[in-house]
Amino acid sequence: MERSAVQGERSIGFARAGSFLLMPLGILLAGLGVLCLKGYAIGAAGKVLEPAVLPYLLVCLAEALILQFLLWRKKYDFILLPLVLMLCSVGLVEIARLKPELMVPQLRWLCVAQAVLLILLRFWKQIREMLSYPYLLGLTCVVVLGLPMLFGTEIGGSRNWLVFGPFSLQPSEFGKILILFFLAAYLSDHRHVLSLPSMRLGPLCLPPMRFIAPLVCIWGAAVLMFVVERDLGSALLFFGMAVLMTYMATGSKTYVFLALLFISLAAGVSYLAFGHVRVRFDIWLNPWQDPNGMAYQVVQSLFSFGTGGVWGTGFGFGRPDFIPEVHTDFIYAAIGEEWGLIGSLSVLLCYVLLALRGISIALQCEEDRELMLAAGCSMLLLLQAFVIIAGVTKFMPLTGITLPFVSYGGSSLVSGFMELGLLLALSQGTQERGTSRG
Amino acid sequence: MPDTAMLLKVLRVLLEYGMLFWLLMFVGKISRWIFLDMKEKLQEQKPPELQSDEAVLEVLGRDKGEEGLVKRRFAFSEQITVGRGEDNDVVIPESFVSHHHAVLFRRGSQYVIEDLGSRNHTYVNDQLLTGKAYIKPGDTIRIGLVTMRFER
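Protein chains in written order, with this note's numbering: chain A, 1 to 438; chain B, 1 to 152.
Heads up, some of the hints might be wrong.
Claimed, not checked - Distance ranges between label pairs, derived from CB positions:
1) A/Leu-363 with B/Lys-9: 25 to 35 Å
2) B/Val-10 with A/Glu-129: 31 to 41 Å
3) B/Arg-72 with A/Ala-213: 30 to 40 Å
4) B/Arg-72 with A/Leu-363: 28 to 38 Å
5) B/Pro-93 with A/Leu-272: 25 to 35 Å
6) B/Asp-87 with A/Met-396: 37 to 47 Å
Think of the hints as simulated: they come from the structure by calculation, not from any bench.
Note that beta-carbon positions come from the ideal geometry of N, C-alpha and C, so glycine has one too.
Generate the whole structure from the sequences, applying the supplied hints.
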């Protein structure tokens, strides 16, 4: 029974594939409806939604429909896009509720992001050639990350923004895709050398130095940039990526052990050397020593989760606006308050499903570097969600990065869709082979 | 108009709960889909792994030098390494051979030979091996002065 249902699903029609898109659309419409009703009740219906939202909304919908049709037609994976759009629409309604004036820019970025996704899928053959030049990729990554040091502007305490006239970009968001490419290309080329032991130090087997040196250099340079630019979240993300991907490529626990050793050393040193690191750490250990000052953000976020309870206060009826920066880094606290445990767990599950699907795409890839790229992509999304959710819920010291797809932020949205594009592009080959084999 | 206001309030509450349940339903539907798809892929993959997974590397001979290696057979299933270093599975003590010269490993039901960036290269059927390549039973591999045959 189950089995036949599955086989039917392999060759499903577009009606079925397109129906997945109704889910995110439903959330979006219901959320906007609630906001309108709330505005009507207090006699300010016109203020809730600017009329400028409508054209952008229609463009986004049209793009999503075209994308889904293409994905279905060319036998790409068609589950990932609805999952991501679900997260996007949860983010959009929260942004419309928290900062109505940011709804239009966010929708505009969503249009751009979907267009970027389309371009990436179209030119994937050319883009894939980049994987043959790992060192160039690594150097480009370091250069991109170094740009803000020369031309950067400081926004929100981190000097990691590039301002181009009307819009600003965060290069670290794009650097992270470059380092993903670098790690995938480098590690898959040197997988076997790296897993061969050459020096033995007690229980540890160290790989040949000349193979591990480029990895450490490029990655160390990247992390150093972040320390200088005070962008701890990205530093942690890059570090985690390098460790995870090295472990995935070699399967040797030595690297994980060395990395943990290194990070504890680095954490100790930066705790002693940098004031902002010390503040973050002390807040994490005990936010109640200064609840109205340094720890205000974290304390308010904890209050939010507490107020939300299991079912939440209802969309539009919490007070998450007490939290500073609630529309970017702390959007998960707003979801936790208004949608409750159920809603926030569902969002978390969406990320897990996204990563799971990504890993299963990776396992279907035949080439090493494609496998590493797909696995790295899905781990990157999961890791980023983990770092910020753990920070917001005080599971880990807070490091400010965006919640992928949900938070307000153009660079983050575009780079998130680029990662989605990589996963989708890599899924095409596997689906084709699957049908020819079967 | 208290009735309209009441009606709107009810509608709003319904929409709020509707959003939550809609989200839950979506997650449930997608996860069911993903797991069924995964199960199907796993079932598809099982059969080809049943054939014998043992391969043999036989040293055919060499022009000169010590005779310790000649006619020796190295059986392996997952991976075998060749080089000058003592930690390799097949140790060839020759200065033409790099410390870690080449590796053979299994991928799926086939075997792959990879040159680990050796100075004097690896030759498969007297052709220069660049990077890695699938290897067939009966292929000859030349490393330094040693020639080996791959068999299954």
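Each hint tested on the structure:
Under the hint 25 to 35 Å, the C-beta atoms of A/Leu-363 and B/Lys-9, about 50 Å apart, miss the expected range. Here the CB-CB span from B/Val-10 to A/Glu-129 is close to 59 Å, at odds with the stated 31 to 41 Å. At roughly 36 Å, the beta-carbon separation of B/Arg-72 and A/Ala-213 lies within the given 30 to 40 Å, and the hint holds. Evaluation of the 28 to 38 Å hint for B/Arg-72 and A/Leu-363 yields a pass: the beta carbon distance comes to about 37 Å.
At about 51 Å, the beta-carbon gap between B/Pro-93 and A/Leu-272 misses the expected band of 25 to 35 Å. For B/Asp-87 paired with A/Met-396, a C-beta distance near 39 Å keeps the hint of 37 to 47 Å intact.
Hints 1, 2, 5 from the list above are not met by this structure, while the remaining hints are.
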